[in-house]
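S.K.: Sequence:
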Amino acid sequence: MKLPAPRGPLGASLTDLLVHPPTEVGVVDDDVLARWRGAAAVADPLTDDDFQLTLWTLYALHYQGFEGVDEAWEWNPDLLRLRLCLEQPFEAALRARVPVPEGAAPEREAVASALFAMTAPGPGPSVARYVAKSADAAQVEEFLIHRSLYTLMEADPHTWAIPRLSGAPKAALVEVQSDEYGGGRPDRMHSALFARTMRGAGLVDDYGYYVDRLPAVTIAALNLMSLLGLHRRLRGAIAGHLAAFEMTSSLPNRLYGDGFRRLGHDEGTTEYFDEHVEADAVHEQIAGRDLAGRLAEQEPELVADILFGAAACLYLDDLVGQHMLGAWSAGESSLRAS
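When we follow this note's numbering, the leftmost residue of the sequence shown carries the number 142, and every step to the right adds one.
Take the hints with a grain of salt, since some may be wrong.
To be verified - Computed spacing ranges between beta-carbons, pair by pair:
1) Trp216 to Pro242: 32 to 38 Å
2) Val160 to Ala233: 42 to 48 Å
3) Asp347 to Glu248: 40 to 46 Å
4) Pro304 to Val160: 28 to 34 Å
5) Ile303 to Glu215: 31 to 37 Å
6) Asp157 to Glu419: 43 to 49 Å
7) Ala184 to Glu248: 37 to 43 Å
What the hints assert, rightly or not - Below, in silico cross-link-like pairs of lysine to aspartate or glutamate (EDC-like), each with a Cα-Cα straight-line distance of 16 Å or less:
8) Lys311 to Glu438
9) Lys143 to Asp346
10) Lys311 to Glu440
11) Lys274 to Asp399
12) Lys143 to Asp353
13) Lys143 to Glu212
14) Lys143 to Asp157
15) Lys143 to Glu440
16) Lys143 to Asp211
17) Lys311 to Asp431
18) Lys143 to Glu208
Hints in this document: simulated from the structure, not taken from any laboratory. Note that beta-carbon positions come from the ideal geometry of N, C-alpha and C, so glycine has one too.
Hey, can you work out the whole structure from these sequences and the hints?
M.R.: Have a look at this one:
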């Protein structure tokens, strides 16, 4: 994957660092940190293109990295200090804006019930319903491009939580993730199935290929997963996020599959969606009860963060959906100009 084109001073400053090995770059001093904090003090971190793309670039060093970027940057302490300049306002904006329900009792069924109530489908418009009934070929391609930034690496951000859990919650997470990774069969990995869907729609399935076309809000949804997954203190939030993610997957994927079939796509293209209709109906029970619910019993102090992680997942997914539907209803593309 190549480094993305910067969208502002934060991205340009980061690119200037990453094109050199850390040994060739001077120590990040207080003046540099002050400039980063100033540039990161944007009106809305969730929708600022420079902010979100720069944070995604920093997180990507922990996944597949970039062509020509020294791998020693991944845990470079100076770069981590710069990343913190973005993580702090990003998390603060989410905690200030995301509505979180009253805390549930730290019991398996109480937490699961709260999560199922939060994720119950509403009657309003949704991307899934639009794809099923109205989207044209260009719009379903845009939908896949939006989804590609996460789904071509599906499961990876949540996997960070495995070594941070123990007992029943850990076993539950491993059970879900094993299915996501194809149960040991590379061709059945969900990321591989989605790559097949993209090829079936005539799109490039290389990870990160379309990042320059994606708006900040789509990138923010993936950055949320990395933020929660990479910080042990947020292990409750990543568990709640996964629970909400799985609980809002089965029905929409049925609708997505219907929409692609309506447009004439074959089983090879729709298999990803069809697989998730059945798999996520099981996963939502495991994630809600055995992961999030058992974690709440094991560590009652994490209940608030479990609910926050779920609420933040739903909030950003709604923002992405509103962005796409708003653009399409206006007869416009939901992607950035190439």
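S.K.: Please go over all the hints and tell whether each is borne out by the structure.
M.R.: Verification of the hints:
no. : hint                         : in the structure
1   : Trp216 to Pro242: 32 to 38 Å : holds (37 Å)
2   : Val160 to Ala233: 42 to 48 Å : violated (31 Å)
3   : Asp347 to Glu248: 40 to 46 Å : holds (45 Å)
4   : Pro304 to Val160: 28 to 34 Å : holds (32 Å)
5   : Ile303 to Glu215: 31 to 37 Å : violated (19 Å)
6   : Asp157 to Glu419: 43 to 49 Å : holds (48 Å)
7   : Ala184 to Glu248: 37 to 43 Å : holds (41 Å)
8   : Lys311 to Glu438             : holds (13 Å)
9   : Lys143 to Asp346             : holds (14 Å)
10  : Lys311 to Glu440             : holds (13 Å)
11  : Lys274 to Asp399             : holds (8 Å)
12  : Lys143 to Asp353             : holds (11 Å)
13  : Lys143 to Glu212             : holds (14 Å)
14  : Lys143 to Asp157             : holds (14 Å)
15  : Lys143 to Glu440             : violated (41 Å)
16  : Lys143 to Asp211             : holds (13 Å)
17  : Lys311 to Asp431             : holds (9 Å)
18  : Lys143 to Glu208             : holds (5 Å)
Taken one by one, the earlier hints fail for this structure at numbers 2, 5 and 15, listed in ascending order.
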